[in-house]
Structure formats: C-alpha cells, structure tokens
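Based on the hints, put chain L in the right spot on chain U.
2 protein chains.
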Amino acid sequence: MNDLLLRACRREAVERPPVWMMRQAGRYLPEYRKVRERADFLTMVGTPELAVEVTLQPVDILGVDAAIIFSDILVVPQAMGMRLSVDDSTGPRFHQPLRTPAEFAGLRPLVPEEGLGYVLEAIRLARRELEDRVPLIGFAGAPWTLASYMIEGGGSKNFALAKRLLVEDPGRAHGLLSRLAKAVGTFLKAQVAAGAQAVQLFDSWAGSLAPSDYERSVRPWSARVLADLPVPSIHFGVGTGELLTSMRDAGGDAIGVDWRVPLDRAWERIGADRAIQGNLDPSVCVASWDAVERAATEVLGRAEMRDGHVFNLGHGVLPYTPVENLQRLVDLVHERTAR
Amino acid sequence: MNDLLLRACRREAVERPPVWMMRQAGRYLPEYRKVRERADFLTMVGTPELAVEVTLQPVDILGVDAAIIFSDILVVPQAMGMRLSVDDSTGPRFHQPLRTPAEFAGLRPLVPEEGLGYVLEAIRLARRELEDRVPLIGFAGAPWTLASYMIEGGGSKNFALAKRLLVEDPGRAHGLLSRLAKAVGTFLKAQVAAGAQAVQLFDSWAGSLAPSDYERSVRPWSARVLADLPVPSIHFGVGTGELLTSMRDAGGDAIGVDWRVPLDRAWERIGADRAIQGNLDPSVCVASWDAVERAATEVLGRAEMRDGHVFNLGHGVLPYTPVENLQRLVDLVHERTAR
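Chains as they are written, first to last, in the working numbering: chain U, 90 to 428; chain L, 90 to 428.
Same shape as in the complex, but just chain U (with noise of 0.2 Å):
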C-alpha cells in the first residue's frame, strides 16, 4: 500500500511528500458534477455508494497519494437535530439556528452508529474498493468552527453572533463546545473502527478569532478531540498564522497552514516534532500551468525535503480549477521530490 501519509504524519523518512488536495472530490471534476445531477449534495453525502464514486475519483483522475471521504462537517449538527440546507449558491444553512437557551437545550447527544451510520457505512465502502492503494482520511469540524455555523445559521464574514456568545456568556458557549467536542471526539473514533486509516480536524473559522480567545475558549475543546485518536490525525485551520503554536499545542501530528504564512516559517512556528501540511493558494491553481507550477516550486522549496510535509492546497479546490492543472501538480510534486 501506499502509506506515504501515514509516514509523513508520523514523521518517518519517506521517498517523497504525499500530495492530496482538500476538496479534491468536487465541481471541478466533470465525472463529479454527473454524479452531482443525479443527486443533491446532501443526497451524495448521504449515500454511501454515490460518496464512495466521487471519493475515488481523484484517486483516479489526478493520482493523488490519499482519498478523503466525501462528506460535509454539518452533519455532525444535523444529526445532533438540526435542520441543514444546502444550495450552491448560497452555501450551507441551518433551518432555525441557536439562539435561545431551549434550542442550546434541545440538541441530541450524538451517537455516531445511529445519527451518522451512512458516513460509517461509506468509510467501510470506501475502504473496499481502494483496495489499499491509498489510505483514507475521515474528518469532522472542530467544537469552535460547528459552534460557529450553529450560531450564525450558515458562513458569516465576521462571526459576530458566536464570538459574542464566546466573550459574553463563556458558560453557556463551553457547555456547547463541551458537547460538541465529546460529539466530534466519537465520531472520529467511530470512522476509524469503520476503517479511516487518518483523520483531519477542520477547524476552518479558528482564525477569525483574536489569539487570547482562541487560547482561552476554544484550544481546550480541540485538544479534547485531539487528545487520543488511534490514527494520524490533521489539525486544520485557515488565517491561522498566529494560531499555530497554539494549534499545535492543542494536538495534532501534522498542523495545517494556509498560503498566508510561508511554509517554512510555519514550520519554525510548529516545530520540528511536529508535521506540516499545505500550503498552496488554491487561487493560484486556477491560473496558468505556469504561475502554479511557480507556485508549487516555492512550496517544495521551502520544505526543503524535510519529513513531515504533506504537500495540498491551502485550503479546497475551487470550483472552477482546471482538471489538468491539478494532474500537472500532482506529477510534479512526485517528479521533482523522488530521492
């Protein structure tokens, strides 16, 4: 099997870096939006044999060194008993976001078998039909960034309805990030006993908080997630620069950082003990070959064949990302960094 991932998280010396790509299953692909006018997105999500199609099709398509479960971090809300939209244009939504103390009150403990047993039953599909070429990752959002779209009701510029319950009411926002850490917490165990051989945490809003709120409300919940996985787990978030010694501290083998930070500075920011994972402007691969393949040279560069890098993108593939732009970089990053 190809267990580069695996390797780098761990730090062990490998031949070269894995590549893969957050959102590498998605609109870009023609073979993905076929799926996608058969089905909704939350119909895909939801069923395991359509999640498993266009989760391997990047394994296929572009060759990258690891599959991701094609998913969504709301459904961890959802199946706590919220009511979840989503429409292309506008994003996800939830129906009737948390406002009062009642709707904080009435969400249901998570039992991941029951309320999320299509993503189970997907991760054991998937794993099937990989066929150890590549390991497969599983996730879920962190406490702070599900509390997020919770309290907003969908994406936000600025958060200001769930920073303001941080800073204003920390007891009533721990009591939820308490019970969304323990939700999270089972759900990643539950997909690796379904058999997801990495997992990666996406704490994606962790960055719009300044870094004293982050330390004091919201690292404790992450690291309770983080705190005894069985597998190699990704500690994700975006804007994140002054968040990463922080974010290390509360747990991970491999952090993510996006493009705002040079990699080798992250690094520096990480330290050596740790692995690192990104950091590709996902922007920048919807230009010419030329400006990615520029791009990508600055990342290898500063990673300077080091273990512990996982190359992949900043943050996901945008929809409108050339196909072959992608394969290119994904053979370049297997060309240039073979010892």
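Just so you know, these hints were derived from the structure itself, not from any lab.
You may find that some hints are simply not true.
No copy is singled out in the list; a pair is fine if it fits within one copy or between any two copies.
As a list, the in silico DMTMM-like pairs of lysine to aspartate or glutamate whose alpha-carbon atoms are at most 25 Å apart [as the list claims (entries may be wrong)]:
1) K246 x E382
2) K246 x E387
3) K246 x E192
4) K246 x D379
5) K246 x E413
Quick caveat, the model's predicted, so the values are computed rather than measured.
Coordinates of chain L only, in the frame set by chain U:
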C-alpha cells in the same frame, strides 16, 4: 486643537493615545440612519453637506479624537469610468468588472478636482465645521484592493480572478496597479490640499495574498502611493500578520493591525520606529460592556502606554454595535491612559 492623532502618528510624546474607529460614521448610529433615510449611500457620499453631517456625528456623539471624511474607497474607480452600485445587503457592485483588455484600456486617468471634486469639497466643508476640534483624516483604497474590486466586480471570498491576473499576466496587472497608484497618490495629495491633516491607505485585501506575491506585485505600488505624502499616513490592512514587515517597508507613519495579532507582537514586526494603529476586534464591541472592557484593557496593556499607539478597532464598526459600548470605550481609553 486636539492633535493627538498627528502626534501619535509621528511618535511624539502624547498625554494619552488618540482613539477613533474605522467606519465610526455608520449605520450603528441612529443619527446616521436618519440621514440615510433621506438619501442612499452613494448620494450621501456624493453630497458634501450630507457627507459632512455624518462625518461630524461620531466626534459629537462618541468624543473620538479624529474625524474621517465620509466617503468610499470605490469612488476612485467610479471616477475612472466604472459604474458602481451599492446595495445594503449585497455590498458594492461594479456593473462591468474589468475582464477584457479593452475594459482595462478604457479606464480614464483620474483628475481629482474634476471626478472627485465632491470629496474635496466635503473635506473643505468638514474642516470649517470641525473648527480644529480634532484632525480630519482623508483616505483612499490601495492599488491592490481597488484592483481586486474592479476585477471581481465586488467583494469576494477568495479573490481568485484578481489573483489569477496577478500571477498569470503580471504585465497587465502591473499596468492596472501602476495607473491606480498614480490615481490614488494624486487623490490623496488633493485631499491634503483641501484640508485633510492625515491620510489612511486602505489595503483591506492585502491579507488574502501569499507574502511572496504581496512583495513582488503589490508592495511596490503601495510604496509609490505612500512615498511623498506631506501629512502623517496610516497604512492599513486586515489579516496581515505575515505582511506587517513588508507593509512597513512599503511606507506609512503608522501601520494598522487587526485583532488576529496581539498588538505587542505586531509592533515587534513593525519595529519601534513606526506608530501602530489597532487592534480591538469589532465583533467584541457587539457584546456586553464587560466583554468590551476586558478586550480593550488587553489592547491597552499590550501597548504599554508607549508613544505611537493610535487606539482603533481592527476593522470597521459593525452595524448592530450598541452606541453606548463605543461611548464607554472612548471614555475608557481616555481615562485609563491619562498621564
């Protein structure tokens, strides 16, 4: 005259740091909303009497130490020939974003006295009405931020089109940035001639870039704008933790910093020979007074009463901020820091 802002920007000794707030003339004020009922946003911007009325409101209502002329950074591309609409819910939109070479070539050079005479008139009128109570700040958008809006057509989550131009066709990108640098530099000098006593350059979207792209393609044009201004200048961006040293190199007597970087750490990167402006999270100002007080006290603590600190938010005041929170915030900065 209360010239604390001007002295702080020059790092001269001050009795206490000046405090003002970005978007302090805005929808959170009932008095502003009353003007807004009679005129839409662009009419307010384009009518000196209305612009001056709302410019002065926060000086009277909050007691801030500076006024900033009420306007919008997008008046520059508008005066260069681009049709602009501003909608309360969706934000600013250009009807015809720059896409084709002809559209790039079709931009008119800016003659501030002709295209933006209404801003200059508003500045003259505001100075008369302020009667030297506090300094008046003029402003403009930085070349990269303006170019992003002009290419994307409005706000954007990832600025993929603008970045694409930057990395794929540097020649055309630099042609646009060069024209904008010239326009913005001319405009800021015209504002100073009309009476602006300090200026702020808003590079709001600099933080979307990888540092190497900023340094190669953006910094030179901001440097050109900031090179020979006859009054104190503030160089502002959001999410710029990794760019602070580069932004300082580009210029500005004071460097703006958002809440993602602790103020003392930001000042280390900027260097002791520059002033700093920031850095309270505007989302916190929506919460209870206790939360605002705690966060403001942290900012003041990190500034350690050093000369050269301009107290401000890290970005603009949010529309649903309680006025009383900002009044108390100004009082707190005034009281805590009196020598």
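Against the structure, the hints come out as follows:
Proximity of K246 and E382 under a CA criterion of 25 Å is satisfied inter-copy only: 24 Å between copies versus 31 Å inside one chain copy. Taking identical chains as interchangeable, the C-alpha atoms of K246 and E387 lie at most 25 Å apart only when they sit on different chains, with a minimum of 24 Å there against 30 Å within one chain. Proximity of K246 and E192 under a CA criterion of 25 Å is satisfied intra-copy only: 23 Å inside one chain copy versus 30 Å between copies. In this homomeric assembly, K246 and D379 come within 25 Å of each other (Cα to Cα) only across copies, at 24 Å, whereas the closest approach inside a single copy is 32 Å.
In the homo-oligomer, the alpha carbons of K246 and E413 lie at most 25 Å apart only across protomers (24 Å), although the nearest pairing inside one protomer, at 32 Å, exceeds that limit.
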